[in-house]
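Peer 1: I would like the entire structure built from these sequences, with the hints used as guidance.
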Amino acid sequence: MAIKPTDQEILALYQEAGPSGPSDELDRNILTAARAVVKSDSTPAPWWPRWRLPLQAVATICLFAMVSIMLEHREPMTPAIPPLAMNDSGPATDQQPPPPAVPGPATVVAESRVRMADQAPKQMRSEARMAAPAAPAHSPASSEAVLSSAPAGRSVAAESAVTVPMATPEAVAVPSAKATARIAADQARSPKDWLDSIQTLIKQNRLQEAQKSLDAFVQAYPGEAVPDELRTKLRTTEDGASGR
Amino acid sequence: MLAYKNGDAAAFEVLYGRWRRPLFRYVAHQCGHDGASDELFQDIWLRVVNARQQYEAAAKFSTWLFRIAHNRLVDHWRSSHRAPVIDNALADDEDADFTASIPSPEDDRPDRLAERKAMAEHIVAAVHSLPDVQRETFLLSQDGNMSLEEIASLMNVGRETVKSRLRYALGKLRQELSKWR
Chain A
1 MAIKPTDQEI
11 LALYQEAGPS
21 GPSDELDRNI
31 LTAARAVVKS
41 DSTPAPWWPR
51 WRLPLQAVAT
61 ICLFAMVSIM
71 LEHREPMTPA
81 IPPLAMNDSG
91 PATDQQPPPP
101 AVPGPATVVA
111 ESRVRMADQA
121 PKQMRSEARM
131 AAPAAPAHSP
141 ASSEAVLSSA
151 PAGRSVAAES
161 AVTVPMATPE
171 AVAVPSAKAT
181 ARIAADQARS
191 PKDWLDSIQT
201 LIKQNRLQEA
211 QKSLDAFVQA
221 YPGEAVPDEL
231 RTKLRTTEDG
241 ASGR
Chain B
1 MLAYKNGDAA
11 AFEVLYGRWR
21 RPLFRYVAHQ
31 CGHDGASDEL
41 FQDIWLRVVN
51 ARQQYEAAAK
61 FSTWLFRIAH
71 NRLVDHWRSS
81 HRAPVIDNAL
91 ADDEDADFTA
101 SIPSPEDDRP
111 DRLAERKAMA
121 EHIVAAVHSL
131 PDVQRETFLL
141 SQDGNMSLEE
151 IASLMNVGRE
161 TVKSRLRYAL
171 GKLRQELSKW
181 R
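Just so you know, the sequences run in chain order A and B.
Going by my numbering, the first sequence opens with residue 1, and the numbers climb by one from there.
Going by my numbering, the second sequence opens with residue 1, and the numbers climb by one from there.
Bear in mind the hints are in silico, worked out from the structure with no lab data behind them.
Careful: at least some of the hints might be erroneous.
As the list claims (entries may be wrong) - Calculated pairs, DSS-like style, for lysine-lysine (alpha carbon to alpha carbon, straight line, at most 30 Å): (1) B:K179 x A:K39; (2) A:K39 x B:K5; (3) B:K60 x B:K5; (4) A:K203 x A:K233; (5) B:K179 x B:K117; (6) A:K203 x A:K192.
Peer 2: Now the structure itself:
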């Protein structure tokens with residue numbers, strides 16, 4: 001577009017007039033802002049944002065591990081059958097009593113079995129009394145099966161697991177630590193030891209206890225032969241006591 | 001601008017020194033020389049600063065700068081509920097070019113030189129009275145030193161439209177000048 005001389009004069013007049021430019025303050029503000037932006041761009045980023053993610057991951061893993069360990073230690077002890085697989089000929093006195101456990105079915109069975117079996121020792125007399133009503137619940141059929149199948153040296157555990165029925169509700173009491181220890185001790189005793197303890201009771205003239213213990217022994221070990229001399233002693237002494 | 005984009009603050013100062021006056025005149029003639037023009041001027045430059053990463057050397061810096069200014073002014077007019085005056089049919093009609101009848105100045109007589117400043121102010125006032133699109137075309141051409149094609153691209157119109165608007169704007173200014181004389 002060709003500009004006429006008049007147009008040139010107009011343009012020249014236009015350039016002469018009007019605002020010459022922004023104020024100094026405006027210039028300063030803009031330049032300061034421009035420099036600040038460049039400076040912020042060149043400022044190196046702090047070190048910690050780079051490590052934020054790895055640190056979070058490590059902290060999470062540590063926390064998870066700690067919680068897992070804590071939960072593992074706080075888990076309740078699972079009810080376990082105490083080590084009962086022991087032959088009559090095995091060492092009985094070395095057995096350690098099992099730790100107290102929440103009564104589960106296996107524990108209840110073992111307990112009732114022991115209550116029926118061990119009535120001789122003095123410290124177990126009360127428990128033997130509680131276990132006595134539970135004895136009739138013993139199924140004859142199952143007893144027969146046990147008699148026919150169980151060898152003389154059978155383990156107490158196997159017997160208790162197969163033949164002993166559940167005890168009556170009153171017999172199934174929550175076992176204390178002491179009772180649990182007693183159970184383990186009784187289970188460790190062999191028939192011979194049991195008979196010896198009955199013999200000892202007779203010698204101590206604790207005839208009633210000896211009789212009850214013998215009854216429990218017969219129920220617990222129906223196939224075990226009771227020495228005639230023991231029966232005779234008890235009968236004689238009982239007759240003597242009743243005669244008097 | 002590429003140097004500033006790469007972190008050279010001194011490069012921005014060079015650019016700013018070169019374009020501060022044309023841009024300020026462009027803004028001031030568009031919306032009046034008051035606080036609003038100062039605010040707009042600063043805002044335009046801050047947009048330039050913040051948009052430095054998007055700058056590409058596909059066009060002249062002045063074209064990019066005045067495009068930002070144009071968009072900012074459009075926002076300003078929109079927010080102030082002031083719609084730019086659209087060219088009317090008469091304004092774009094070349095047959096109605098009445099400026100051709102305006103006489104050119106006879107000569108530059110010395111007695112008129114004293115009145116030159118007053119005439120210049122009168123021309124500026126005449127620029128302000130132009131329709132918006134003609135004024136912007138004139139300002140982009142004079143202050144932005146942009147070609148017809150660049151102005152056409154910026155205003156999203158055809159090159160001939162820009163040429164016509166520029167001619168009408170100059171005709172009106174010539175008419176105002178003749179009135180003065």
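Peer 1: If you test the structure against every hint from before, which numbers come out violated?
Peer 2: 1
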